[in-house]
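Chain by chain, the residues:
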Amino acid sequence: MAYNILIVDDSLTARTFIARTLQMAEVSLNQIYHARNGQEALDLLQRVWVDLVFADINMPMMDGAEMVRQMRTMDLLKSIPVIIISTDRSAQRMAEMREAGVQAYLTKPITPEDLKAVVERFLKSA
Amino acid sequence: MVSKHRLKTVVVGLGGMAISDSPDEVLIAHSLGSCLGVTFYDPVLRAGGMAHCMLPLSQIDKDKAQETPCMFVDIGVPKLIEAMFKRGCRKKDLIVRVAGAARVMDSANLFRIGERNHAVFRKIMWKNGMFIRAEDIGGDRARTLRMEIATGRVVVQSQGQEREL
Amino acid sequence: MSADNINTLVEVTIEVLERYAFMLGDPPGKGSGPVVLSEPSWIVTISFTGARAGGIGVVVSPGLARQAAANLYEGAPAEGGDEQAQDAVKELLNIVCGNYLHRVESNEPIFSFATPVLQVATRETAARYVSGKPQAMLAVEGHPLLLFVGH
Chain A
1 MAYNILIVDD
11 SLTARTFIAR
21 TLQMAEVSLN
31 QIYHARNGQE
41 ALDLLQRVWV
51 DLVFADINMP
61 MMDGAEMVRQ
71 MRTMDLLKSI
81 PVIIISTDRS
91 AQRMAEMREA
101 GVQAYLTKPI
111 TPEDLKAVVE
121 RFLKSA
Chain B
1001 MVSKHRLKTV
1011 VVGLGGMAIS
1021 DSPDEVLIAH
1031 SLGSCLGVTF
1041 YDPVLRAGGM
1051 AHCMLPLSQI
1061 DKDKAQETPC
1071 MFVDIGVPKL
1081 IEAMFKRGCR
1091 KKDLIVRVAG
1101 AARVMDSANL
1111 FRIGERNHAV
1121 FRKIMWKNGM
1131 FIRAEDIGGD
1141 RARTLRMEIA
1151 TGRVVVQSQG
1161 QEREL
Chain C
2001 MSADNINTLV
2011 EVTIEVLERY
2021 AFMLGDPPGK
2031 GSGPVVLSEP
2041 SWIVTISFTG
2051 ARAGGIGVVV
2061 SPGLARQAAA
2071 NLYEGAPAEG
2081 GDEQAQDAVK
2091 ELLNIVCGNY
2101 LHRVESNEPI
2111 FSFATPVLQV
2121 ATRETAARYV
2131 SGKPQAMLAV
2141 EGHPLLLFVG
2151 H
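Residue numbers (our numbering), protein chains in the order written: chain A, 1 to 126; chain B, 1001 to 1165; chain C, 2001 to 2151.
Derived by calculation from the structure, the hints in this document are not laboratory data.
There's no promise every hint is true.
[To be verified] Calculated pairs, BS3-like style, for lysine-lysine (alpha carbon to alpha carbon, straight line, at most 25 Å):
#: 1; chain 1: A; residue 1: K116; chain 2: B; residue 2: K1091
#: 2; chain 1: A; residue 1: K116; chain 2: B; residue 2: K1092
#: 3; chain 1: A; residue 1: K116; chain 2: B; residue 2: K1127
This is chain A alone, in the form it adopts within the complex (with noise of 0.2 Å):
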């Protein structure tokens, strides 16, 4: 089985950064889709089927946190995994975003391996 992976974040730096990890990592990859905002992940959301999605919380025009919580209101999208990897390391961001339903929360700065690890867990079971 190949996956499909969205990452969902303003910076192409960030994108980037995750989409060479999965590469290095040899999940066996469909298709990688990017996306700059929450706004745009949902939109790409109604067209395309993911099997996980990589998102930042604060982005333009919708956060990470509005993006899940629309997610789980929809249900084509409401049982797809969302990984938060953001800058926010406050306690309180990780329960509100745990409380909205993202599966796991990586925090900036992360390492490749940090990211093959998510991966591994979430994509096997997939």
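With chain A fixed as given, assemble chains B and C onto it according to the hints.
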């Protein structure tokens, strides 16, 4: 499991590097402080390599860099990788483990030598598209790093305790 | 509520540069000789709101940003102009800001971060911009990086 008394120890000294595919050999780097002990193991060819690097960047001493490249992480580690490739190892098979980079040599940590050794090592791994399988890094303890060629088992000894990486 | 602390900002920046961009930074007075702002300089700022409002910023040489981008985009196709370099330095500041607030704010309040803003400036403009603000100059692999608090 290879019985210990028949194993031959190959000491990888400061600025040294060794590669082996002899199942009766153990590579060992003693007393890693802020130094970095790097191991690569190829389970297909059952070959392993170890380097014992002291400083992050070779530009500070060009003569030393020529003479003892493995003294420096930035040229020593690529040299070890290259030597493994010459043995026939493939990048995707290499299991990377690393230990050391403590603060023991510089208690005020003015120069962050351990952290820098680790940062430069990670940069080389990222450039080469390689993941670090396991590491035992930082803190203020000295470590001894050992790799058994027959099994690829890597063990860190520190303060009387052993931990498999 | 905690106060801003330029020394903490220096520490966090050095750690983030090492961990994320694989770059080595020297704090003021160590390693390399005197460091001066480059011509032109890039001023990058980020502001935050929440438990308190504030901001931090950096003045960097385009060379530093290009080096960071080269490290981070390793193996990725190059895109035109300085887009990657500018994005890389903005993302670095974003990460520094999150880690800095986590370090200086003991009770972990929630902050919202604005998108980092970058402007290209002459050395004189950059110097004027940071004048009077708490600041510290780092040397990062031969490139200047001036950190400051306020925006």
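Hint by hint, here is what the structure shows:
A C-alpha spacing of about 17 Å is found between K116(A) and K1091(B), which places the hinted pair at or below 25 Å, so the restraint holds. Our distance criterion of 25 Å between C-alpha atoms is met by K116(A) and K1092(B), whose separation comes to about 15 Å. With a C-alpha separation of about 16 Å, the suggested pair K116(A) and K1127(B) falls inside the 25 Å cut-off, and the hint holds.
Hint violations for this structure: none, all hints satisfied.
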